[in-house]
Structure formats: C-alpha cells, structure tokens
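Each residue of the sequence shown is one higher than the last, beginning at 1 in UniProt numbering.
A portion of the hints provided could be inaccurate.
[What the hints assert, rightly or not] Cross-link-like lysine-lysine pairs, in silico, DSS-like; alpha carbons within 25 Å at most:
no., residue 1, residue 2
1, K141, K40
2, K37, K137
3, K46, K20
4, K134, K62
5, K144, K46
6, K40, K6
Just so you know, the hints here were simulated from the structure itself, not pulled from any lab data.
Since the model is a prediction, treat every value here as computed from it, not as a measurement.
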Amino acid sequence: MQLVNKVIEISAAPEVVRQKFLDFPSIFTYHPDGFIKTIKPARQDKPIEAGDRMLVELEIGKMEPIMIENSPDCFSWGGSLPLNSFNGNHSFRFEPSATTPGGTTFTQQEEFTGYLSFIVGEGVIARSLGMREKTEKGFEKFNKDLKAWCEMA
1 MQLVNKVIEI SAAPEVVRQK FLDFPSIFTY HPDGFIKTIK PARQDKPIEA GDRMLVELEI
61 GKMEPIMIEN SPDCFSWGGS LPLNSFNGNH SFRFEPSATT PGGTTFTQQE EFTGYLSFIV
121 GEGVIARSLG MREKTEKGFE KFNKDLKAWC EMA
C-alpha cells in the first residue's frame, strides 16, 4: 500500500468548506489549470450516496469511481484498473481545526493498493516515473486553490 496525504488549514468552518467543495461546477472557477478538472455524479437527479458512480476527470485522464462515503466530514470514492492491478481510495476530509479557531483542517488523501501501486511509492523506479511527486503537487495545488476560494471575502 502507498499513501499520499496532503493537509491544509482553511479559515472557514467545515460546513462552509464542504459546501464550496460540493459546488462541483465551480471547480473550474477556482482551480482552472489544476489537477482536478471535473467531479460530478453519474446521476445528477438525486443526492450522492455510497455505491453511486461518479464521473471524475483529472489531469491524467477520466475515471468512473464508486462513492464510498458522503458524510459531513468525509467525501470519498474508490476505483481500480483491471485485475485490481492498481486501486485507489480517494478522500477529502473536513474536520474542525485544532489550530485555526472556527476553521477547517482539510485533508486530501489517496490510498493506493494492487501490484502496480509501487509506481507511486518512493523506490528508485517510482521516483524515476515521478508519479508520487506529480500526485503530491496536484493535491497541494487543489488544496491551496480550495483554501483561497473558501477564504474569499
């Protein structure tokens, strides 16, 4: 298993951060040249629930993960490549901050498993591919852009 985890403090309440995050059509407004291009439910006629298919476009391509959790403090999905060669569980967490009064500790995390998960690891081959570094930079950029969007006066 490989884990990529990026955390940022946002000076807005968790409910506000979550509400702005769930405003998927606005992603292009605050994150126009970023890692995450679009997020939307496959069925837009009902609330997003565990088991629903999502349509996600990242800088590296499109995917259709399945929702794992959509709760006040976590939004997560999971997906895999054929034969479970490369699996990912991606989560966004909205937790009350212990350091920013009234703020949010926002965490974006992906847990990679499967026999190809080493490509986002820290070994020689993985480093030469640059997948971990690119993923970390993508998470950091999204987190910073979401922070700026949430903290706009």
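For each hint, the structure was consulted:
no., hint, verdict
1, K141 / K40, "20 Å, holds"
2, K37 / K137, "15 Å, holds"
3, K46 / K20, "19 Å, holds"
4, K134 / K62, "17 Å, holds"
5, K144 / K46, "30 Å, violated"
6, K40 / K6, "22 Å, holds"
In this structure, only the earlier hint numbered 5 is contradicted, and the remaining ones agree with it.
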